[in-house]
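Here the sequence shown is numbered in the numbering used here, starting from 1 and rising by one per residue.
Hint data in this document are derived by calculation from the structure and do not stem from the laboratory. Incorrect hints may appear among the rest.
What the hints assert, rightly or not - When the alpha-carbon atoms are kept at most 30 Å apart in a straight line, the in silico DSS-like pairs for lysine-lysine are as follows:
| hint | residue 1 | residue 2 |
| --- | --- | --- |
| 1 | K62 | K27 |
| 2 | K59 | K28 |
| 3 | K58 | K39 |
| 4 | K58 | K31 |
| 5 | K59 | K27 |
| 6 | K62 | K28 |
| 7 | K31 | K62 |
| 8 | K39 | K27 |
| 9 | K59 | K31 |
| 10 | K39 | K59 |
| 11 | K27 | K58 |
| 12 | K39 | K28 |
| 13 | K39 | K62 |
Claimed, not checked - Per label pair, the in silico range of CB-to-CB distance:
| hint | residue 1 | residue 2 | range |
| --- | --- | --- | --- |
| 14 | D36 | S3 | 25 to 31 Å |
| 15 | S65 | N45 | 14 to 20 Å |
| 16 | G16 | T47 | 18 to 24 Å |
| 17 | S71 | C14 | 24 to 30 Å |
| 18 | G16 | V69 | 27 to 33 Å |
| 19 | G16 | L54 | 18 to 24 Å |
| 20 | E55 | K31 | 25 to 31 Å |
| 21 | T47 | R23 | 19 to 25 Å |
No experiment lies behind these values; they were computed from the predicted model shown. Yeah, the Cβ is synthetic: ideal placement off N, Cα and C, and Gly gets one too.
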Amino acid sequence: MASVRHEFQVEMTCEGCSGAVTRVLNKKGEKDVEIDMDKQRVYVNSTSSSDELLETIKKAGKPCSYIGVASA
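Input sequences plus hints: build the corresponding full structure.
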């Protein structure tokens, strides 16, 4: 299966918040993660489904939602 770039809206106010999101995704095995604190966005290049990734991000304890497939 080809990798897809997923875009999520995640409420993050500090480096600790973004670090928590990165940690839960890395723990799941997701290594290609990009965080844009200014836009409150998380981009994940993955073969996992958007639902799986959303549930993983929720484990960081931050309000989040799936936006869609992001352009590169």
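A quick look at each hint next to the structure:
| no. | hint | result |
| --- | --- | --- |
| 1 | K62 x K27 | 16 Å, holds |
| 2 | K59 x K28 | 11 Å, holds |
| 3 | K58 x K39 | 18 Å, holds |
| 4 | K58 x K31 | 17 Å, holds |
| 5 | K59 x K27 | 11 Å, holds |
| 6 | K62 x K28 | 17 Å, holds |
| 7 | K31 x K62 | 19 Å, holds |
| 8 | K39 x K27 | 24 Å, holds |
| 9 | K59 x K31 | 17 Å, holds |
| 10 | K39 x K59 | 21 Å, holds |
| 11 | K27 x K58 | 13 Å, holds |
| 12 | K39 x K28 | 24 Å, holds |
| 13 | K39 x K62 | 15 Å, holds |
| 14 | D36 x S3: 25 to 31 Å | 19 Å, violated |
| 15 | S65 x N45: 14 to 20 Å | 19 Å, holds |
| 16 | G16 x T47: 18 to 24 Å | 29 Å, violated |
| 17 | S71 x C14: 24 to 30 Å | 28 Å, holds |
| 18 | G16 x V69: 27 to 33 Å | 28 Å, holds |
| 19 | G16 x L54: 18 to 24 Å | 21 Å, holds |
| 20 | E55 x K31: 25 to 31 Å | 18 Å, violated |
| 21 | T47 x R23: 19 to 25 Å | 20 Å, holds |
The structure is inconsistent with the numbered hints 14, 16 and 20, although it conforms to all the rest.
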